[in-house]
Amino acid sequence: MSEPLLRLDHVSKTFARGGFFSRRRIEAVKDLSFTIAADKAEIFTIIGESGSGKSTTARMILGIERPTGGSLQFDGLDVGALNGHADRMRFMHAVQPIFQNPFEAFNPLKQLDRYLFLTARRFGAARDQAEAERLADEALRKVGLSLAEAKGRFPHELSGGQLQRVAIARALLSNPKLIVADEPVSMVDASLRMAIVNLFKALRDELGISIIYITHDLATAYSISDRIIIMQKGEVVEAGDARAVLAAPQHPYSRQLREAVLTPDSPRALAS
Numbered sequence: 001m002s003e004p005l006l007r008l009d010h011v012s013k014t015f016a017r018g019g020f021f022s023r024r025r026i027e028a029v030k031d032l033s034f035t036i037a038a039d040k041a042e043i044f045t046i047i048g049e050s051g052s053g054k055s056t057t058a059r060m061i062l063g064i065e066r067p068t069g070g071s072l073q074f075d076g077l078d079v080g081a082l083n084g085h086a087d088r089m090r091f092m093h094a095v096q097p098i099f100q101n102p103f104e105a106f107n108p109l110k111q112l113d114r115y116l117f118l119t120a121r122r123f124g125a126a127r128d129q130a131e132a133e134r135l136a137d138e139a140l141r142k143v144g145l146s147l148a149e150a151k152g153r154f155p156h157e158l159s160g161g162q163l164q165r166v167a168i169a170r171a172l173l174s175n176p177k178l179i180v181a182d183e184p185v186s187m188v189d190a191s192l193r194m195a196i197v198n199l200f201k202a203l204r205d206e207l208g209i210s211i212i213y214i215t216h217d218l219a220t221a222y223s224i225s226d227r228i229i230i231m232q233k234g235e236v237v238e239a240g241d242a243r244a245v246l247a248a249p250q251h252p253y254s255r256q257l258r259e260a261v262l263t264p265d266s267p268r269a270l271a272s
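Note that the sequence shown covers residues 1 to 272 in full-length UniProt numbering.
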């Protein structure tokens, strides 16, 4: 049996809050364990409301925050203790983020193609400008756009949905093994949400990229997830096959989340 691509083993994260005399400790993530297989791409979803610890988990997986307890390893690297330029570049090459607000992911005064070309040169092995343009166009076409639509454009000239697609294309330029998508559709119009989450399914099925999808949206989670965990106050309260968990949640908090988004058609949809 091969080693997993990603392993979180009893990972915890504690923050200190307050002043010198009133400092208190907040456990944002408590004893979190799960793995992502190396030999089969999947969409692994972390569900929870604000304050559940899901975004802190994403930041630890991306190496932005260091765990205060436990072990977090990606492809043999200890993510909590990355040292040296070579290890950091190897990690960034293989793990790419997609954040909540695409308008905050890009400098409003910088043309979008410059981001794509820089990433193509840094991570995509482009040797010259022509190759950078070819790779950028190839990545954009995978998400339903083209270089012609993005070249010379500033972020405000694209819609939120288009800009999020550019962010995904930028992530694809490094040929990642894992994408960490933190609330990637919460700032996108409802009409475009399913288009983007369906794109994640295509990345899994056609390119073999595993995705950690972090959301509070049970509808999209049910549509695209292979496995899920549901977090409350930093702890996992339920985990398993996505459809089985969301169709018949066992934990009171999971049932509360499900009931909060029910429509007249939801019970039939979630049970199908």
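Possibly wrong hints are sitting among the right ones.
List time: in silico DSSO-like cross-link candidates among lysine-lysine, alpha-carbon distance up to 30 Å [to be verified]:
1) Lys-233 / Lys-30
2) Lys-233 / Lys-201
3) Lys-30 / Lys-110
Simulated from the structure, these hints should not be mistaken for laboratory data.
Tested hints:
1. Lys-233 / Lys-30: Distance of about 9 Å is within 30 Å: holds.
2. Lys-233 / Lys-201: OK: Lys-233 and Lys-201 at ~29 Å, within 30 Å.
3. Lys-30 / Lys-110: Not OK: Lys-30 and Lys-110 at ~40 Å, beyond 30 Å, violated.
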